[in-house]
Structures are given as C-alpha cells and as structure tokens.
Amino acid sequence: MSGRALQTLIALVLAGLWGAGLGFAHWRGNMWSLDRVEATMTDLRTLVRGTAKPPELITIVAIDDEAVRNEGRYPLSRATLARIVDTIARFGPKAIAVDVLLVDPGKKGDDEALARSLRGTSTVIAAAAVYSGGKQSIAAEGDGPLARVPNAKRFLWPLKAFSDIAAVGVVNVVTDWTGTPRFVPLLFRAGDRTEASFSLRVAAMAVGEDPGIAPDYLSLGAQRIRTDIGHILPLTFYGPRGTIRTISATTVLGGQVDGGIIRDRIVVIGATATGAGDVFPTPFDPVLPGVEVMSTAIAHLMTGDGIVRDQYVRLADAGFAVVLPVVLVGLLAWRRNAIGLAAIVGVVVIWFVVNMTAFSHHIWLSAALPMAAAVPPAILFGAAQLWLGRNQAQYFATQSELLQRVQAPGFAGWLAKHDDFLLEPVRTDAAIIFIDLSGFTGLSETLGPNATRELLNTFHALVDEEVTSCGGVVTNFMGDGAMIQFGLPEAETDDAFNAARCCAALSSRTNNWLVSLPASTASRLGFKIGAHYGTIVASRLGGKRRQHIATTGDTVNVASRLMEIAADQNAEVAVSDKMLQVAGRDCELFKSGALRGPVEAQVRGRSGSLAIWLWQSSQTL
1 MSGRALQTLI ALVLAGLWGA GLGFAHWRGN MWSLDRVEAT MTDLRTLVRG TAKPPELITI
61 VAIDDEAVRN EGRYPLSRAT LARIVDTIAR FGPKAIAVDV LLVDPGKKGD DEALARSLRG
121 TSTVIAAAAV YSGGKQSIAA EGDGPLARVP NAKRFLWPLK AFSDIAAVGV VNVVTDWTGT
181 PRFVPLLFRA GDRTEASFSL RVAAMAVGED PGIAPDYLSL GAQRIRTDIG HILPLTFYGP
241 RGTIRTISAT TVLGGQVDGG IIRDRIVVIG ATATGAGDVF PTPFDPVLPG VEVMSTAIAH
301 LMTGDGIVRD QYVRLADAGF AVVLPVVLVG LLAWRRNAIG LAAIVGVVVI WFVVNMTAFS
361 HHIWLSAALP MAAAVPPAIL FGAAQLWLGR NQAQYFATQS ELLQRVQAPG FAGWLAKHDD
421 FLLEPVRTDA AIIFIDLSGF TGLSETLGPN ATRELLNTFH ALVDEEVTSC GGVVTNFMGD
481 GAMIQFGLPE AETDDAFNAA RCCAALSSRT NNWLVSLPAS TASRLGFKIG AHYGTIVASR
541 LGGKRRQHIA TTGDTVNVAS RLMEIAADQN AEVAVSDKML QVAGRDCELF KSGALRGPVE
601 AQVRGRSGSL AIWLWQSSQT L
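Under UniProt numbering, think of the first position of the sequence shown as 1, with each following residue one higher.
Hint data in this document are derived by calculation from the structure and do not stem from the laboratory.
Worth double-checking, as some hints may not be accurate.
[Said to hold, decoys possible] Here are the simulated distance ranges between beta carbons:
1. Asn450 - Ser618: 29 to 37 Å
2. Thr40 - Leu14: 37 to 45 Å
3. Thr40 - Thr357: 18 to 26 Å
4. Ile10 - Pro281: 43 to 51 Å
5. Ser618 - Trp387: 53 to 61 Å
Backbone N, C-alpha and C fix where the C-beta goes; we use that ideal spot for every residue, glycine too.
Please take these sequences and the hints and turn them into a complete structure.
The following block contains the structure:
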C-alpha cells in the first residue's frame, strides 16, 4: 500500500470513529452542546416549510386585553372564570382545559363558584413544576424507564378545593437558549411522585382513555405517539398567534359564541393579555401566548401531526454522523480540484435536501450533528493534504533544482515536459564544442585531491555559465574537459552562430581565470577548444532505473580531434570551415581576436583532409 493510500485510510477510519463517537453520544441524548446550532437550524427549516393548517378540534378561549378591560383587573376573578367554564360546558365540549394556575385562595364565594363549575364538567387544571436553581433539566438519573423524565424539586399544586374535583396536569415546557419551546415533557417527577403533563391529561380526557406508556412512545386510544428520550414531545408550530382558532373570553361571557366551534372539541382557556407574562418566542412569532403552546402540544397528541424524534431517528442521525465525514474525507482524497470540490458540494446539497425533505414530512433529523461530525475531519484532512502537498512540492522543487545541477538544464526542463524525448534515436544538425585543459593531469599529481577538486569545480562553473548564457547545453563534463552542444533539445537556425560566440566567450573567460590563478599553477595550465557543425545522432541510453543522453556521429569525433589541431598550431580554438559557413560572417570569431585560415588539416582517424580555421583571442596576441 502506498504512503498516500495509507494516509487516506487512516483519515477515513479516524473520521468514521469521530462521527461514531458523536453519533453515540447523540443517540444517548448527551449532545446538549449542539443545541444552539440545532435550534437555529430548526427555526430555519420551520420557516422554509412555512405555516401549516392546525386541526379543527381545538378552540382557544383567550383572556385577552378586552376581557381584562371589561373585568377591570388581572387575573380575572374566580367567579368570572366560573361563568366562562359554565358557558362553555353548555355546548358539550370533549374537554375543558384551564391553563391558569389556581394556587392562591381567592374570595370564598368566588372559589366555591369555580369549584361548582369544575365539578360538573370534564376539566383539566394546571399545576407547575419547581426546579432547583430555577433550571429545568432532563439529564439521566439512573437507568430505569423514567431515568430521563424531568425531576422537579416540587410541584406547585392547585388549591385542594379544585384539585379534588378536576384533573391536574403540569404545564412546564423545555425551552432552548433563546426561550423557544422545543419540547413538552409528557411526564414529570418530584421524588417518588410522577405526574402527567397538562397536554397529556387533556388529550387523555378527550379520548376517554388513560394513556399507555412504553419505553419510546405513548399510546392514546388508537393513536401512537413516538416520543424522544425522557418521554418528551417535540413541538412544531403551525404559525403565528391566532393560527389555532381563538375567540375572546368577552365573546363567551356575552353569550355570542358559536356553539359549533365548541361542541365535541377541546377548549383551552388561557391568558393572551398584554403583560400577562405567559409568552414565548417562536420562529413565526416573537410573543406566542403560552396557551397556544399548550394547544399545539394537545393537537400533536390528538392527531400525531408533530415532528418525530425518537431513538430510531437519533440512530439515523448517528448514521449520517458516520457516513458524511467519511464521504467528504474520501472525496478530498480522491480529487483536490474543481471536480472534487463539486462532488463535495453535491454531497452536502444531497444531505441538505434529505434533511429538509424529512423535516417537511415531520421527521426531525439533526442538522447540527452531521455538521459537527463532518466539518472538523474535512478541515483537518484538507489542511493536512495542503501541508503535505506543500512539502511534496518543496521536495520536488528541491529534486528538480538538484536535477538541474546534475543534468544539463535544458535537458532536465525539456524532459519534465516531454517524457518521451529521445526514446527513439534522433538525427539532427548540431554544433559541437569540446574544451579541455592542457597540463592538468601532471598538475593534479602535485596539488593534492582538495586543491584539484576546487580547481576543477571553478573551471566547470565558468564553462557552465558561459555555455548557458550563449544558449547551449553542457552534455558532459569529462574530468578537466567538457562536451557542449547547440542543437538539442531542439535545433535552431542560429545554433552555429551561438556556438561561435560561445567559443570566443569560453576562450576569453578561461584566459582571465588562468591569469587569476597562482603563477605556479597558471604556468603549467593551458586550454584548447575544438568546434564543428554537422549531423549527429542523439538518443537515451541505459536501463529503466538509470539513463543518460548520448550524442554520437562523425561530427562529435571531428570536434574532439580539432582540439589536438588547436594545440599543435598554438591556437586557442580550431573550428571547421563548415561551422563558420553556417555561422556566417557576422559571428563573433570573425569580429574579435585573430582568425586565420582556412587551412587543410589531417584529422586523426579520418580519411582525407578537412578545411579548418584557427582563432586566437586578443588577450594572448
């Protein structure tokens, strides 16, 4: 397995483990730290989904501003509340729910009147749970079936005169950090005492059956209500205030109410008056009356139209928490370009569509959990890939620089772009130059290895600089000499012209270098240059692991032998007549120094003679 594949595998495993850990904690109900993000995402999804039509089976009788003005006080007297209950009862509702805390004694006659009204009807009145520190918690306490049921310090119970004759339910809700009600607990605890919620009591009374309690759902008649951890009911609101049918208590007291909106329906009595204090922010309304929150919960219990989040939905969330980060990391590893980015965006869009579609069909899949599971691994892996890629780029840059130093720069750059260069032999015209130091072998015997190396290094550097500036390529350094080409990797029309300029520049530069050396060294050194132009055969030789570029042909041999002629004739450069003809009369060898010829010379190892020219720089004339 390659290093990159192993890195990707490790990243995928770690991303999956991270998601699995978060998913397990969410499945257990221990990821409250994500509540803020989830609350925001839930509100956005609710607004995208839009308002919904509430069921017709609930009517709210509002103790509104008009009723308070007519009464001249708030809260309304118990006698007025009794008249409201009596008027509603005459129309035959399924149940009357009084969302008013009746915990303090009123006037004796008023309390007795209300007690008589409650006795003659199917009525549920409100109680409240009081928590230590004023903060409601549904954290697990033990492992029993009620371990996640909210545990209160005590219950704020209605007066005994009322609780003895009417059913009682707890009205508390679970809010998020913004105060928006997210859940209605259906069961509450205070020590060893367990009580039903207000909404559950009302729904049970309307159905006429006691609810059945199972580990992750409640049954209410033929209705099966799936609940979240701790038997809490998720809330989804139908719309702003007034979306659930609401009539004023003044209308009821005035006898102007339409009996059709009360008969066989659940009637919820509660305060909506300004300053009553029982209001909550929701996605649709910043001040939704508490009575509408309770009515929404009752509607969910009666019709099952609320959003569902239970252990199975949480398990699906955990699955997304594992799959999404693994997929995103895999895509990052697959392609780090526009295609990979498009694939990642596509996966995120698909997940969003699935999440939104599920929410529109009353399934509350978590939005915050997959984000928390996917974003950190994706960012960390992406950052690691960038870091590794940068290091790799630096490594290759270093290798390329090293290759440029070891190989001919023109060849190294060309091979990087054309990996098939010279796989097959190529015949082309080129100018070949050889330069060699005279007397170096004998000198090296007395200089020692370090001084010899330093001398050669300086010589090689000056040759490389001059050749590169003239547009040529040093094919090989051979000890105290070098082979130079003009015509590879691509032949140019001015190759011979540039080669002639290179001969003059090398001669001048080498003379200056020799002058700079100690007299004892310079006196024993000289140099000679041979140059010829003609057809060469270039190819790559060697095995799969190591190859080099080789240039062969008569042109190479002649150029090499011309150095001998230059030395025999006490010239610095011996150049063939053919090369000067191709270079032209404007080349540097005609314009500087002393050029003599052409003369016919016998080239060793070659039949016949060759017309050559001899050149001497002005420095040595």
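- Do the Cβ positions of isoleucine 10 and proline 281 conform to the proposed distance bound of 43 to 51 Å? With a Cβ separation near 46 Å, isoleucine 10 and proline 281 satisfy 43 to 51 Å, so the hint holds.
- Query: Between threonine 40 and threonine 357, does the beta-carbon spacing fit 18 to 26 Å?
  - Reply: holds (20 Å)
- Query: Is 53 to 61 Å right for how far apart the beta carbons of serine 618 and tryptophan 387 are?
  - Reply: holds (58 Å)
- Can the suggested window of 29 to 37 Å be confirmed for the beta-carbon pair asparagine 450 and serine 618? Since asparagine 450 and serine 618 have Cβ atoms about 35 Å apart, the given range 29 to 37 Å holds.
- Query: Is the hinted range of 37 to 45 Å satisfied by the C-beta distance from threonine 40 to leucine 14?
  - Reply: Check failed, 28 Å falls outside 37 to 45 Å.
Hint violations for this structure: number 2 only, all remaining hints satisfied.
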